[in-house]
Amino acid sequence: MVFLRSEEHLERWLGANGWEPGATVPARQMNELARTWWWSRLDPGWQPRTAEQSQALLDVVGLTGEFWSLQA
Amino acid sequence: MDPFDLDVRRHVYFSVVANGRPPSTEDAAAAFDAPKDDIADAYRRLHDAHALVLFPDTTDVWMANPFCFAPTPHRVRAGGRTWTGTCCWDALGIPGALHADGDVETECACCGERLELTVREGELVAGADLLCHVLVPARRWWDDIGFT
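If you read the sequences in order, they're chains U and E.
According to the working numbering, the stretch in the first sequence is residues 174 to 245, in order.
According to the working numbering, the stretch in the second sequence is residues 926 to 1073, in order.
The shape of chain E in the complex, shown without the other chains:
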């Protein structure tokens, strides 16, 4: 991966952790003292490389996995913030990425009943009896990452 793209990606993730949201291309252009179009191109290359996910037909960050910037049922308290997880895997991944304890509030996909999971020192100490279901085989995850 291009060193500039790696720098941009690192800036996106550091901004997410610092501010709770990803930088716009304008924000990142100011941080890099670079043209906005160069940042937009880097965002698109990172999207194509599955290192970020952009909202369709935009350069706005939808996912810097495991963090998500669109509403989902998965809320995660970890590292002093409340985050949104893209899916069950990412929701449990947020404490992992932050190297922190975490509390996941989510819902049963079937009935909408509230579910809670607790991660302490990496272990799932509450909610371990719940199930996760993956509909799409691994080789097709990126065909439609929003559905996956």
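One chain only, chain U, in its complex shape:
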């Protein structure tokens, strides 16, 4: 999961490595996800999330569809 300057740089990076594209996420959206996903990580009473709870966090920031499905 990497940062890239632009779509042009993304295409060049994928081509140079021979990789198929995955999913591109604007940094603002990734920040929303990261803030939500990691917010409770340091809570003293932290408990692992279920897959359904994690999926809901992806859903709420608009990352939906097969690529973002946590279930095999």
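Among the hints, erroneous ones may be present.
Here are the simulated distance ranges between beta carbons [stated by the list, open to error]:
1. U:199 / E:929: 35 to 43 Å
2. E:1048 / U:185: 26 to 34 Å
3. E:1043 / U:237: 25 to 33 Å
Residues on chain E that point at chain U, a partial pick, calculated with CB under 10 Å [as the list claims (entries may be wrong)]:
4. 1028
5. 1031
6. 1042
These are computed hints drawn from the structure, not numbers from a lab.
The structure displayed is predicted, hence computed values, not measured ones.
From the three backbone atoms N, C-alpha and C, an ideal C-beta is built for every residue, glycine too.
Following the hints, position chain E against chain U.
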């Protein structure tokens, strides 16, 4: 998850925040007044549960996500320290986990050009025009978390 494993995990994360690094199994054994092997077993169970990531074939903590303890291009100033983020998601997650503002210094994966992102009160106020790319579908993230 076993209550002892949750206690060990909490100790790891509190140590990371307090000291900037995770405890070795020796450090944690001393803190818990427990045999080192019991701590090592807990670390392995936490790794298997994806609650920590250990370096391959060791009981040394590689990642207590979003914090990383191996070099990456992602440096994050937040909460009075400079941290390393595993990836773009974790780099932006460090201010979130610390409930703090943050400054991310990283690089474009294509050209290596320096990139900066600024998080203030949870909002991305600089670097919002940048892109993140996720190569691996979500259901396969843990097949090889280092590559992911």
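These are the hints, each one checked on the structure:
1. U:199 / E:929: 35 to 43 Å: 41 Å Cβ-Cβ, so the 35 to 43 Å window holds.
2. E:1048 / U:185: 26 to 34 Å: 30 Å, holds
3. E:1043 / U:237: 25 to 33 Å: 28 Å, holds
4. 1028: 13 Å, violated
5. 1031: Hint on residue 1031 of chain E: holds, closest Cβ of chain U at ~5 Å, below 10 Å.
6. 1042: 6 Å, holds
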